[in-house]
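Chains as they are written, first to last, in our numbering: chain A, 1 to 60; chain E, 61 to 307.
Just so you know, these hints were derived from the structure itself, not from any lab. A few of these clues could be false.
To be verified - Computed footprint of chain E on chain A, listed as stretches where at least three residues anywhere in the stretch have a Cβ under 8 Å from a Cβ of chain E: (1) 14-25; (2) 40-51.
Claimed, not checked - Partial list, computed: chain E residues near chain A (C-beta under 10 Å): (3) Leu145; (4) Ala160; (5) Val163; (6) Trp211; (7) Pro251.
Said to hold, decoys possible - Here are the computed distance ranges between Cβ atoms for each label pair: (8) Leu27(A) - Arg263(E): 36 to 44 Å; (9) Trp233(E) - Asp41(A): 40 to 48 Å; (10) Ala23(A) - Arg297(E): 23 to 31 Å; (11) Tyr176(E) - Ala23(A): 22 to 30 Å; (12) Ser16(A) - Pro257(E): 52 to 60 Å; (13) Arg43(A) - Pro201(E): 20 to 28 Å; (14) Ser16(A) - Gln252(E): 44 to 52 Å; (15) Asp41(A) - Pro90(E): 47 to 55 Å; (16) Arg63(E) - Ala39(A): 22 to 30 Å; (17) Ala23(A) - Ala203(E): 26 to 34 Å; (18) Phe93(E) - Arg43(A): 18 to 26 Å.
For clarity, every value in this text was computed on a predicted model and none was experimentally measured. Just so you know, even glycine gets a beta-carbon here, dropped at the ideal spot from N, CA and C.
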Amino acid sequence: MNTSAVSTGVSSISLSQRLVAGALALLLGLTLLVGTGFAGDFRLHNGAHDTRHAMGFPCH
Amino acid sequence: MFRNLFLAALVAALCAGLVTSAFQAWRVTPLIFAAESFEGSGETHVHAEGEAPAHDEATAATAHDHGEDEWMPQDGFERTAYTVLANVLMAAGYALIIGAVSVVFNLPVTFANGLYWGFAGFAAFTLAPALGLPPGMPGMPVADTLARQIWWFTAAISTGAAFIIVAKFRAPWALALAVALILLPHLIAAPQAPDDPTGVPPRMTAEFVSAVLYNGAIFWVVLGLAFGRMADYLAARPAAIPSGARA
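Throw the hints in and build the complete structure from the sequences for me.
In structure tokens, the structure reads:
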């Protein structure tokens, strides 16, 4: 199905490189997600308050 | 590859973050503001009828556990600016998670399949958590926050894993496992909100849930399509413009 340049680009890279890139992206992504949507710190909570409600994150 | 992944995620996050910000300002935030005007309104009524102020404070504290002296953005431009910033950062978080799934499982995001990614993200991160934990407005009674957050993550990860499994393995066992993973969080009951009285009108509560689900759908469709379009562009580029940098 995916015969585009992206698939050839991704599959030409070794598994370990993919895992490293994936782990880095996941770590950074989760940090941003937890920071905006979940962190208990009141500054983060109050700054992102409307985002949390609008995106359906568990808020107060 | 690292560069392409992060660039595609960044562009997708900007697109989806700004689109959701516009929709939120139009249909979601006005409801949050309206609900905030009801926050504690029940107590004002009680107060007028002469109930003890001590009870007053206790109810207010459970409804909305913020100290009065906490920092929070000023209503108006500052609050909107923080919300837009938070939306873009959250979008970047989701885009990077999508990117991570894409590289680790070798499932490319393209403009052609971006809609599938968007729908999968919507199902995993909006629909599945919302089935157990209906999106709520300020001033509504809620269960313990940490318990809800744990259930929210369980529902999202379990549903997301189901999509990855069916995308990777086209076999009956994979389909069965995916169905089980989608059902699992809903068999573990989500933390239930207490039946405390709230001043928020039921009609507004229903409108809010619809608005949040619609908002989630727009956000995820834009995120998936923008990510795919950018990934296509970046993958095609080195051939056309030799930049020297290994993509």
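Margin query: If you test the structure against every hint from before, which numbers come out violated?
Written below: 15
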